[in-house]
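Trainee: Chains A and B supply the protein sequences, listed in that same order. Using our numbering, the first residue of the first sequence is number 1, and each one after it goes up by one. Using our numbering, the first residue of the second sequence is number 1, and each one after it goes up by one.
Possibly wrong hints are sitting among the right ones.
[What the hints assert, rightly or not] Straight-line Cα separation of at most 35 Å, DSBU-like style, residue types lysine-lysine; simulated pairs:
no. : chain 1 : residue 1 : chain 2 : residue 2
1   : B       : K363      : B       : K471
2   : A       : K31       : B       : K424
3   : A       : K31       : B       : K165
4   : B       : K10       : B       : K165
5   : A       : K31       : B       : K10
These aren't lab readings, by the way, just hints derived from the structure by calculation. As the structure is a computational prediction, the values presented were derived from the model and not from experiment.
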Amino acid sequence: MEPFRQHRGTVAPLLRENIDTDQIIPKQHLKSIERTGFGAHLFSGWRFHGDGTLQRDFVLNQEHYRSASILVAGRNFGCGSSREHAAWALSEFGFRAIIAPSYADIFRTNAGNNGLLLIEMEEPLVRRIAEQAQTKPPYKLTIDLETQTIADDCGLSESFAVEAFRRHRLLHGLDEIGMTLLHEADISRFEECRHTFLQRGT
Amino acid sequence: MEKSKTLFEKVWDSHTVMQREGEPTLLYIDLHLVHEVTSPQAFAGLRLARREVRRPDLTFATIDHNIPTTSDERFQIKDQIAAQQIATLRRNCESAGIPLFDVGSGRQGIVHVIGPELGLTQPGMTVVCGDSHTSTHGALGALAFGIGTSEVEHVLATQCVSQTKPRSMRLTVSGNLPNGTSSKDLVLDIIRRLGTDGGTGYVIEYAGEAVRSLTMEERMTLCNMSIECGARAGMVAPDQATFAYLFGRPYAPSGNAWTEAVNRWQQLATDESAQFDREVSIDGSHLQPIVTWGTNPGMAAPISGRVARPDEARDASESAAILAALEYMGLQPGMRIEDISLDRVFIGSCTNGRLEDLRAAAKVLRGHKIHPSITVLVVPGAESVKHEAEREGLDRVFIEAGAEWREPGCSMCLGMNPDILAPKQRCASTSNRNFEGRQGREGRTHLVSPATAAAAAVAGHFVDVRGWHYKE
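Starting from the given sequences, assemble the full structure and let the hints guide the process.
Mentor: So this is what it looks like as structure tokens:
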């Protein structure tokens, strides 16, 4: 996993509530056995017409936002299906961080496992950032995970909260399986004493 | 004396392998269910890191998401990428020694239908699967939740997940659900009240008179959609109905082990003085059949009600969301739910693809003909469900009414197989999500109960099934 320390990038505003993972990566693009190839289909229902041509007015198709790496969205981002393909698609498209008032639980974990930083901020602030991105593109933010702050070039500077263990993993790009396997002995000990009523099937 | 605990806390605590201050809990997993769409990258990751599947004996696989539902195509899949996902699952299961309930085995089906059917899911267990509707298994008193593919890989390698402890919510439903309503209506009503993120960060325990009197399959429908209000999981305390349901199932314990198991399971219920982080109460006795009109499961109204109007919204962002949903759905603000006419009906899915669901739909359809402008797809949730439904003659009822009787799978719930809506087609669906494009690009989905779906199929538009004319 790529570590996340500091990032400066362009902000794209997509201020809808309840953006579900079916929108982030529609099901027809889940038919793959690879972890890559999803970026091209990110938000494909919104980015493309039925015939495959570009929806020119969709934010990510507009000149200023094509190389955006920070997405600003409405509350409950990433709700619905557990598909990690949503996090893969966002990362592959170039997003390193998302700013929203809240996130769905499974998406939060999936993002963390892919080095995608989720920043939670109060709704009015999210709205303000989205407005800046909308009216003054390219609007750039600098995100510093070490100091837990975001800043723009016009004096905005806000701190954000992130759970210590998530921050630690992101800063160092740590593989969770490797971390868990350090506790192999604890798992084995637990296994020796556990109860199960699972019968061998007939 | 030991601290009093909730059902959720009992299961959580008894599966805690390790807990360090300020870190997530390392939680042991009793049952890991695997399917073809969210697992290939996890197996590939294991191979890349030269890791092995730790407990193939606690891992079970089936094929459900992308399998075609016509009898000829399910063995000869035309979609090459879907076929590749299935072939990959077969290969992965074989090399890791994971039991696979394959197509035609008699046990294949939607992962959340077969887990309970086979007796794999049991009270007090921890259950995970790379699918958000894993919450279904909570109906048996298990702690069951959906995980992403990286976590699937983590469970394959370690048989554990790393989880921050969720908060607990008790949702008590008093009274008895009126005739003509079902647990699908109840859960849609709950989501409508709590909102699509009202349960975020919580495990919900469903309790109260109305919940206790639900059958096991009805409890599964209720727990299934917990994720649609954002909850991590839904649970119902195991009781006599749970034990009666499990008895004699293939993977359930038998003999002395059964007695020992029931004794342990009886200890799981929430202690009387246990505290929840949040308590919510709902009166179930005035429940009406519920129909969604929008593009998330919380956008719903009772059958006697109307589609929302943007000017009724509590703030600007809700107003914008209503407007966008109505535009996508092709509906007029404030129109009557009963005035919405349909093109398609889908009966099936992990929410409502079980035998009782098929019975409820067949009871409505018996002796009636489906409206000429509507096509109806009935997809049993598992091969066992299909077999049993045919034994009862339900397939004849559907076919005689004019419906298509298909082979088991997820089918039109998410349209990863050939069963999809054409653009702008409108569908009454017993599934769980009405998101934009979920059932097909520009498709319009209304979530309802099996009885409401069946009644709409006959009428051509939504009708109140409480006044239905049943024929023998």
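Trainee: Does each hint fit the structure? Answer for all of them.
Mentor: Outcome of the hint check:
no., hint, in the structure
1, B:K363 - B:K471, "8 Å, holds"
2, A:K31 - B:K424, "24 Å, holds"
3, A:K31 - B:K165, "33 Å, holds"
4, B:K10 - B:K165, "13 Å, holds"
5, A:K31 - B:K10, "38 Å, violated"
When the structure is compared with the earlier hints, a violation turns up for hint 5 alone.
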